[in-house]
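Peer 1: Residues per chain, in single letters:
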Amino acid sequence: MQKAEKPALNLSTESIKGQAAEKMEHDLALLEAALYVAGRPLNLNELCSVLKTRSKNKVRKFAKELIKAYTSRNTALEILELKDERYVLQLKADFTPYVRKFVNRPLLSTGPLKTLSYIAYRQPVSQKRVVEVRGHHVYTHIRMLKEMGLISAERSGRSTILRTTEYFADYFGLSHDVAVMKKELKHVFEDYSKQEKSQF
Amino acid sequence: MQKAEKPALNLSTESIKGQAAEKMEHDLALLEAALYVAGRPLNLNELCSVLKTRSKNKVRKFAKELIKAYTSRNTALEILELKDERYVLQLKADFTPYVRKFVNRPLLSTGPLKTLSYIAYRQPVSQKRVVEVRGHHVYTHIRMLKEMGLISAERSGRSTILRTTEYFADYFGLSHDVAVMKKELKHVFEDYSKQEKSQF
Amino acid sequence: MAAETVKKPFYLCPPWNILFDFHKLERLTPWHVNIAYLLTSFLEEMEKSGQIDFRASGVALDSSALIYLMKSKLLLKLEEPPPPKVAQDFLPPPLFLPLRHELTSTTIRHLLEVLDDVLKSEGLVHFEKVVEESVLPAPSEILPQLDLYLMEIEVQMEKLYAALVERVKGAGIIEFSTFTKGLSRLEAIRNFILLLFLAQNGKVNLWQDEETEEIYITIGDLKLAEGGETSA
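Chains as they are written, first to last, in my numbering: chain W, 1 to 200; chain X, 1001 to 1200; chain H, 2001 to 2232.
Take the hints with a grain of salt, since some may be wrong.
[Said to hold, decoys possible] Here are the simulated SDA-like cross-link-like pairs (lysine to any residue), alpha carbons at most 20 Å apart as the crow flies: (1) K1183(X) to L2097(H); (2) K1101(X) to G135(W); (3) K52(W) to E22(W); (4) K1146(X) to G2123(H); (5) K186(W) to A2171(H); (6) K1023(X) to A93(W); (7) K183(W) to E2113(H); (8) K2169(H) to G1111(X); (9) K186(W) to R2109(H); (10) K186(W) to R2027(H); (11) K1128(X) to T2218(H); (12) K2203(H) to R129(W); (13) K1114(X) to R2109(H); (14) K182(W) to A2171(H); (15) K1101(X) to K2203(H); (16) K128(W) to D2021(H); (17) K1128(X) to I2174(H); (18) K1064(X) to K128(W); (19) K92(W) to H1026(X); (20) K92(W) to Y1167(X); (21) K183(W) to V125(W); (22) K1186(X) to P2098(H); (23) K2181(H) to E1132(X); (24) K68(W) to E1025(X); (25) K1101(X) to N104(W).
[Unchecked claim] Far from chain H, by Cβ distances over 12 Å, these chain W residues were calculated: (26) N43; (27) Q90; (28) T115; (29) E166.
In case anyone wonders, no lab produced these hints; they're calculated from the structure.
Ideal Cβ positions, reconstructed from N, Cα and C, are used throughout, including at glycine.
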């Protein structure tokens, strides 16, 4: 960032340069803010919406600038560019072992997590079916999961179809392709149940 | 941070200085990592455990150093020192409106937040009273606030008593002592109403 | 044939004929019918004549049930409850949460652990509706259609159930007195009748505290801490 180098002079070109630098600094901070609170990869469209611009080029440039700033600071956090021009702010992997113990809040309590796991496994699945299997209290869960961006709901005729989102896949490290994801889930699930059985 | 200034020379004093700077940089990064993953204020003991030191002085010094680094960088994030020497990493409030939509937690809308501030201000308060003052829809709020760990409910005879949790106090950087917290809240509310007035 | 039509059974005369005439039944005001009197006198009359006719008894019983339903339906014309009165107190402004990223501890392993549970319970849910075959043959044509009335009641039941679910946020307990607070006595009675229907369908459980006489309505899956007795 340029702030420290900003001159106190008030010459007109200098002042324009200063304004531009300040604007850029603010835009970089906006991107950083979005990546920080999202805690997940954001794509160019999402980042465009933060900067209220349609220019993907501009956002791309700024994202790269932000990556550079983080790299030069050399702190515990990093910004990475992922496949399909998605960007993520995350903890550098080296630091995980030292601070793992501070991660003790679950993403969801057991009830909503059960509902989420069922939707992931059976998706696309009608809300009606989820309610039949899980009971009427899941309406609250479904609402919460939607608010957290873990599932999406879509009206289809008279029923509502639920499926997991890309954020869900990112969070659990699963494929974005639903067919592949379900296979992955099935595999892990089968391995898991085998392990469970062998333990008892 | 000093990395850019690290000389390539291998003179013994220079190299010792460099090593010290590097060690310090690493320690600062460790503190940053802990604050980043915790997402809540950490106290000196917790920070000591990250640096594997018993010297609170050292941790205090480093924490202040980290705050200075964040301030000079002038980005979207800030590290604050709260009451009782607790430290927290968070988004600067100015950025909240721009990135609220990326938060992957059930972000409370104004309604539940009003219920929360009422409970905080009047605690310990009976659920019945909260319903009387805020209306029947607050049952949903109360449930949400409980699920988020911001309030706790306790049966007392035939009524349910609500109060805020330590997590709540941490979240807002308020004292754990209820009497003190209420005074702090009064200030917050006064500031808020001043802001409101100045805006309109 | 002619002789048979002339000599019509006693129950096709007033006052019992009302139980055997679909069109009349449709038009009457149910409050004007004393079912207990009609049925008692009908039985006495049949015993007197010595002609025990089970078909006629069945139809009389069915019609009586219908009149009860009509009475319930009149009771169940639900009105919107008045908006709750809001007590006065200082309402502080909302507390906006500072935004902090927080790594969460839930892993795919946790997801799979609970999935196991859910899939087990899925097996316990039967999706094919059990077709109930009636033991008795279909009612004769003189019986009016009850479906419409039942549907009405079902709509009201659904509304009430939705209101209950809303009030307890999916699952929970609510006192009958709390639920019907502010309603007139008649409306409370209507709600109570609907609750009985809901309880019969297993949608809610009702239980009463013997000391306070308070009725508790439980909705959804509840783990009752002290194993409170539930009875439909």
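Peer 1: Going through the earlier hints one by one, which of them does the structure break, listed in rising order?
Peer 2: 2, 4, 5, 10, 13, 14, 15, 16, 18, 20, 25, 27 and 28
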